[in-house]
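Participant: Residues per chain, in single letters:
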Amino acid sequence: MEPPATWLSVFGFTFDPFEHLDSTKDAHLQEYLVIPPAVQNTLLDQSVAVFAQPGGGKSALRIYTANFYKDSRGVRFPVTYVPEDYSTQSNFHFNGIKRSLARAAFMYLASYPDLFFDLSSEYKKQLKGLLLDLPFGLDFNLSLLTESRFLSDLEAVLGTSAFSSLPALDRAHHQLARELAKESPSKSLALEDCFALLKDAFGAKSIHILIDGLDGFIETQSPESLLAWIEPLLNVLENWQNKNIYLKFFLPLDISDAPALTNSRYLRAASLTWDDHLLAEVVRRRVFVASRGAFDSLDAISAPDVRSVELTLAHQLGEKDKLPRQMIIKCRNLLAKAVKSKKEWITSEDLFDGESLYAAAI
Amino acid sequence: MLQPYKIFNSAEFIDRDSEFERVGAFQKEKSRGVIIFEGERGSGKTTFLFELYRRLHEQHELRPFLISLFPHSAPEFASNKNIWLNSERQFQKSDVPDVLNHLAHYLEVEVIETDDRDFQKDYFARGLAYRASKTIPILLVDAIYECPDETRLEIEKYILVPLLASERVFIILSGRGKYPIWSRPELQNAEIWKLEPLERAFIREQLVKLKELGKLQRDLSEFDAIVELSSGNPLIARVLADSKKPLLDGLSEAIDVMIKDVLPSWISDEEKLEIRSQVEKLALVDIPFRNIDVEEYLYGNDPERRRKTDRVFNILKASHLMVYEGKGHHLNQSLVDPIRKWLKLQGRADKYLEQLRAVSLRLQKEYPTVKGWYERMLPHNFTTA
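Just so you know, the sequences run in chain order G and H. For our numbering, count along the first sequence from 1 and bump the result up by 1293. For our numbering, count along the second sequence from 1 and bump the result up by 2.
Rather than coming from a laboratory, the hints here were simulated on the basis of the structure. Heads up, a few of these hints could be off.
[To be verified] DSSO-like cross-link-like pairs, simulated, lysine-lysine; straight-line CA separation at most 27 Å:
| hint | chain 1 | residue 1 | chain 2 | residue 2 |
| --- | --- | --- | --- | --- |
| 1 | H | Lys367 | G | Lys1492 |
| 2 | G | Lys1492 | H | Lys247 |
| 3 | H | Lys329 | G | Lys1633 |
| 4 | H | Lys83 | G | Lys1498 |
| 5 | G | Lys1492 | H | Lys136 |
| 6 | G | Lys1635 | H | Lys310 |
| 7 | G | Lys1636 | H | Lys310 |
| 8 | G | Lys1635 | H | Lys159 |
| 9 | H | Lys329 | G | Lys1636 |
| 10 | G | Lys1417 | H | Lys123 |
| 11 | H | Lys373 | G | Lys1635 |
| 12 | G | Lys1636 | H | Lys319 |
| 13 | G | Lys1318 | H | Lys346 |
| 14 | G | Lys1615 | H | Lys329 |
| 15 | H | Lys217 | H | Lys180 |
| 16 | H | Lys274 | G | Lys1633 |
| 17 | H | Lys32 | G | Lys1635 |
| 18 | H | Lys373 | G | Lys1536 |
| 19 | G | Lys1536 | H | Lys32 |
| 20 | H | Lys159 | G | Lys1498 |
| 21 | H | Lys136 | G | Lys1498 |
| 22 | H | Lys329 | G | Lys1630 |
| 23 | H | Lys30 | G | Lys1498 |
| 24 | H | Lys373 | G | Lys1636 |
| 25 | H | Lys159 | H | Lys83 |
| 26 | H | Lys32 | G | Lys1498 |
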């Protein structure tokens, strides 16, 4: 049940903080994502495996982490690798990572086009060689550079975000497209040479490969198969760590006790789990951002005898449902109920009678 | 022309030794980090940050850079290259490229050249992120909470975040009221250090220094009263000391400065008076309050009382004089204490207390499950003159 648009202003919100269940569509994620202490080391220079059940916040954390690295302007260079399928071909992962790397490198050049002009001829050739692996082909992407108006157009097509906030694509981008088109590519680079190129040509000090989208694997195959499938990546952890290249796995909870993941010297394992206080914080942060800092609790828009709304909602969730997604659904329903009652605040009836509505929604 | 309390003079500075020591220890123990000094209105955050900058500037291994977001003056820093200070106007979003340019030069950052002026800001920011870490930059930004959101976001995005990409960097900020919405974890999880009111002895020392510098008209015999009325707030002490009015009127003037100086510019003089009056009333409420708790107390049976209360609350929050924390709104304690003293001495508290008592009783009756909470609405240990 969608509440009427005016409810936002009635409650003092500038946007609906409970609109998105899909974090990839949430423009405010960076402002209000709650990162449980157990997984805060995801952002550090090390390889990690983060486990969570569906709806537990893996993709949100992955996007947050990628944005965190992008904020460093590529000093810590993020590459998001979401396997296109679950093929068992040899080198499947490494070819996939190389395509992801090409996409990230292209976006980096689009973010700082003038950087390319000062590079040595050898780096230019190598970059062109790398960019031949771009999805849809290099020619298509170069046409994007000349025909698009904004970086956001490229972001939408390539599915990866920019490193800068250049106001528009301008003549530097056109020149970049021309020079890349003219350049002759080096012979196909090995993946390790591509990593070296990012460091040498762009100045990246570390590279972070974020691996997500594996929940679907578990739906059709056993946890053991998933472990076997990612094994080639586990085998390179040590070698890559020595080169400041780190893998961040976002994995289903089903394999969280696998020794290959928990006993590795080169991989920190952590589970993304939630208790009532963390779930309450999920809501408070969203309320704070949506009210532009005016208040940080639904208590502020509740009747005088209603207190600790967030904790009450978290308590009401069953043990298996103690997840951000379920908490957001509960908040949606609570506000819908309050709006329906035509009062300007949340009453205790709304809070305690919300159970049936919630059950219907899930 | 700037008021005397907006002109920094290190010779007038007093105390805060423990804060300086804490900053020094933090720098020695860690290679990087963000510290935010939070303090209430008039607690001396700006003066402290300017003095901290002055001291850091004397350490050769450090590269401090100060950005002052509100009009202040510091004649002794006039020749410094590592400062952005304007005595005429507030810092604006459009000043960011200029600051980046200064900062890049000061930190000897290599920046990619571009023919597109609009791109330069992003290249400066990239340059900061890739800065070779020969020296340790320390960026100080005063009043970051209080500046408009669009300015703060621009500073965060183009200055703070790129600097934080370095391995060795310190960022020291100050702010009043509720922390803003940060997007970077180092800022979200910054060290928050409170700048507490000064001890009475230091307020007295402040007055003595001003007297020695010939900046004070007040007689020594009034010092004890000023110390008492200031409640440890150096701004109130300073305004009281500068005022030529009798002390009680001087206190009212200081309260005016505390409130009206920070109200948004679009507020009319008439509404400023209205805000002052409602702040006086709110200063007597002893519990964190919500709009619905106090609307009747503020506006009686006025049918527009909800809207009017919302407006007052919005203005006070926009001015960072009031925050929502825990169970409700809190007025800056640095306003509450002097206002209560002033109301008591003026004999104006009785009427307000009577209204507050009536509202408290009604709420207790209407919401019996939280009766104990509303019983505590009236100020504890407050006796009228």
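Participant: Does each hint fit the structure? Answer for all of them.
Facilitator: Quick rundown of the hints versus the structure:
Of the pairs offered as hints, the one joining H:Lys367 and G:Lys1492 is violated, with about 70 Å between alpha carbons and a cut-off of 27 Å exceeded. The hinted pair formed by G:Lys1492 and H:Lys247 fails the criterion: a straight-line CA distance of about 67 Å is larger than 27 Å. About 25 Å separates the Cα atoms of H:Lys329 and G:Lys1633, which keeps this hinted pair within 27 Å; it holds. With a CA separation close to 31 Å, the supplied pair H:Lys83 and G:Lys1498 exceeds the 27 Å bound.
With a CA separation close to 20 Å, the supplied pair G:Lys1492 and H:Lys136 stays within the 27 Å bound. Restraint check: the Cα-Cα separation between G:Lys1635 and H:Lys310 comes to about 21 Å, which is no more than 27 Å; the hinted pair holds. About 18 Å separates the Cα atoms of G:Lys1636 and H:Lys310, which keeps this hinted pair within 27 Å; it holds. Distance check on the hinted pair: G:Lys1635 and H:Lys159 sit about 41 Å apart at the alpha-carbon level, beyond 27 Å; violated.
Between the alpha carbons of H:Lys329 and G:Lys1636 the distance comes to roughly 21 Å, so the proposed pair stays at or under 27 Å and holds. The hinted pair formed by G:Lys1417 and H:Lys123 meets the criterion: a straight-line CA distance of about 25 Å does not exceed 27 Å. With a CA separation close to 26 Å, the supplied pair H:Lys373 and G:Lys1635 stays within the 27 Å bound. A hinted pair counts as satisfied when its Cα atoms are at most 27 Å apart, and G:Lys1636 with H:Lys319 qualifies at roughly 24 Å.
Note on G:Lys1318 and H:Lys346: the hinted pairing is violated, with a Cα-Cα distance of about 55 Å set against a maximum of 27 Å. Straight-line distance between C-alpha atoms of G:Lys1615 and H:Lys329 comes to about 25 Å, which keeps the hinted pair within the 27 Å bound. Between H:Lys217 and H:Lys180 the CA atoms are separated by roughly 34 Å; this puts the pair beyond 27 Å, and the hint is violated. Between H:Lys274 and G:Lys1633 the CA atoms are separated by roughly 38 Å; this puts the pair beyond 27 Å, and the hint is violated.
A C-alpha spacing of about 54 Å is found between H:Lys32 and G:Lys1635, which places the hinted pair above 27 Å, so the restraint is violated. Taken as a hint, the H:Lys373 and G:Lys1536 pair is broken in the structure, with Cα atoms around 64 Å apart against an allowance of 27 Å. For the hint linking G:Lys1536 to H:Lys32, the alpha-carbon distance of about 25 Å falls within 27 Å, and the restraint holds. Between H:Lys159 and G:Lys1498, the direct Cα distance comes to roughly 20 Å. Compliance with the 27 Å bound is thereby established for this hinted pair.
At roughly 16 Å between alpha-carbon atoms, H:Lys136 and G:Lys1498 fall within 27 Å of each other, so this suggested pair holds. Taken as a hint, the H:Lys329 and G:Lys1630 pair is honoured in the structure, with Cα atoms around 23 Å apart against an allowance of 27 Å. Between H:Lys30 and G:Lys1498 the CA atoms are separated by roughly 25 Å; this keeps the pair inside 27 Å, and the hint holds. Restraint check: the Cα-Cα separation between H:Lys373 and G:Lys1636 comes to about 22 Å, which is no more than 27 Å; the hinted pair holds.
For the given pair, H:Lys159 sits about 23 Å from H:Lys83 by alpha-carbon distance, which is consistent with the 27 Å threshold. At roughly 21 Å between alpha-carbon atoms, H:Lys32 and G:Lys1498 fall within 27 Å of each other, so this suggested pair holds.
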